[in-house]
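Colleague: Assemble the complex: chain A is given as a structure, and chain B must be docked to it using the hints.
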Amino acid sequence: MRRIHCAIGCELAEVNSIAAMLRDLCASLGFDEIDAYQVELAACEAMVNVIRHAYRNEPGKTMMVGAGAEDGRLVIEIEDRGVPMPAERVRDLKEGVEIAEVDSRERSSLRESGRGLQIIHDVMDEISYESEGGMNRLRMGKLIAAARREEQ
Amino acid sequence: MRFEETVSGDVLVVKVMQPRIAADVAGDFKKSLVEAVSRADRAIVLDLTGLTFIDSMGLGGLIAALKALKEDGNLVLCGVSHSILSMFKLTRMDKIFRMFGTAEEAVAALTHDASRPA
Numbered sequence: 024m025r026r027i028h029c030a031i032g033c034e035l036a037e038v039n040s041i042a043a044m045l046r047d048l049c050a051s052l053g054f055d056e057i058d059a060y061q062v063e064l065a066a067c068e069a070m071v072n073v074i075r076h077a078y079r080n081e082p083g084k085t086m087m088v089g090a091g092a093e094d095g096r097l098v099i100e101i102e103d104r105g106v107p108m109p110a111e112r113v114r115d116l117k118e119g120v121e122i123a124e125v126d127s128r129e130r131s132s133l134r135e136s137g138r139g140l141q142i143i144h145d146v147m148d149e150i151s152y153e154s155e156g157g158m159n160r161l162r163m164g165k166l167i168a169a170a171r172r173e174e175q
Numbered sequence: 005m006r007f008e009e010t011v012s013g014d015v016l017v018v019k020v021m022q023p024r025i026a027a028d029v030a031g032d033f034k035k036s037l038v039e040a041v042s043r044a045d046r047a048i049v050l051d052l053t054g055l056t057f058i059d060s061m062g063l064g065g066l067i068a069a070l071k072a073l074k075e076d077g078n079l080v081l082c083g084v085s086h087s088i089l090s091m092f093k094l095t096r097m098d099k100i101f102r103m104f105g106t107a108e109e110a111v112a113a114l115t116h117d118a119s120r121p122a
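Residue numbers (our numbering), protein chains in the order written: chain A, 24 to 175; chain B, 5 to 122.
In short, the hints are calculated from the structure, not lab data. Misleading hints may appear alongside valid ones.
What the hints assert, rightly or not - In silico DSSO-like cross-links for lysine-lysine, where the CA-CA straight-line distance does not exceed 27 Å:
no.	chain 1	residue 1	chain 2	residue 2
1	B	LYS99	A	LYS117
2	B	LYS93	B	LYS35
3	A	LYS117	A	LYS84
4	A	LYS117	B	LYS93
5	B	LYS93	B	LYS71
6	B	LYS19	B	LYS74
Just chain A, same shape as in the assembly (with noise of 0.2 Å):
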């Protein structure tokens, strides 16, 4: 079974090198284009998410990226030593966001911004997060297929 361990500079442009091994590794597993698709989207959201509020854009720092599969599901683990998420951010992550119903005639009043960590929470199907003696790690699991299909 492939896996991914690697660290990353935290420079936007490297988060792309890693979204392409984790679209990869999703075929290789038999993700399909969907859902290959949505688990590189959230591992870009998280990862993005380190450089621009862990460490504040801050260059010369590095995360740790890990994936494979374990227990039938894809888990995808990212570790920082910058600041920590803060907990209503934790919660709206691990619990997700109620989101407003959009009406398309308000477009003024739609957000810029600020749909990463939903995303992450829709995507994924287990998320833990961490923060201990200076590490963050956010985890993330999603069940490769044939897994899914045994649990339904």
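Modeller: Just chain B now, kept in the frame of chain A:
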């Protein structure tokens, strides 16, 4: 950010030439798109046929373009892949953006809209 712009009757078709709109290029994408929309004096079709990936920051650029429209302006999307459509659904933005399969269908719909009495 590269766009290909063509005029079809009263409609401007703006084709996104970049296959991936992620955080590293999202700021440039938003700026270029808002400029294109702001100077347009006609309805706009944003052709996403060549787009294979967009993240929430790229989506923010599309929303910014929608907000930059003039009061009576109109912006629709075409060529949205199933995968990208799934992201619009996750974020409920499928309720905000009108979408068509092809640029021709989108142009026909906007032309029809414009010909209807107010």
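Colleague: Taking the hints in turn, state whether each one holds.
Modeller: For each hint, the structure was consulted:
A C-alpha spacing of about 25 Å is found between LYS99 (chain B) and LYS117 (chain A), which places the hinted pair at or below 27 Å, so the restraint holds. Taking the CA atoms of LYS93 (chain B) and LYS35 (chain B), the gap is near 24 Å; set against the 27 Å cutoff, the hint holds. Proposed proximity of LYS117 (chain A) and LYS84 (chain A) is supported: the alpha carbons are some 26 Å apart, at most 27 Å. About 20 Å separates the Cα atoms of LYS117 (chain A) and LYS93 (chain B), which keeps this hinted pair within 27 Å; it holds.
At roughly 20 Å between alpha-carbon atoms, LYS93 (chain B) and LYS71 (chain B) fall within 27 Å of each other, so this suggested pair holds. At most 27 Å may separate the alpha-carbon atoms for a hinted pair to count; LYS19 (chain B) and LYS74 (chain B) meet this at roughly 20 Å.
Checked against the numbered hints above, the structure breaks none of them.
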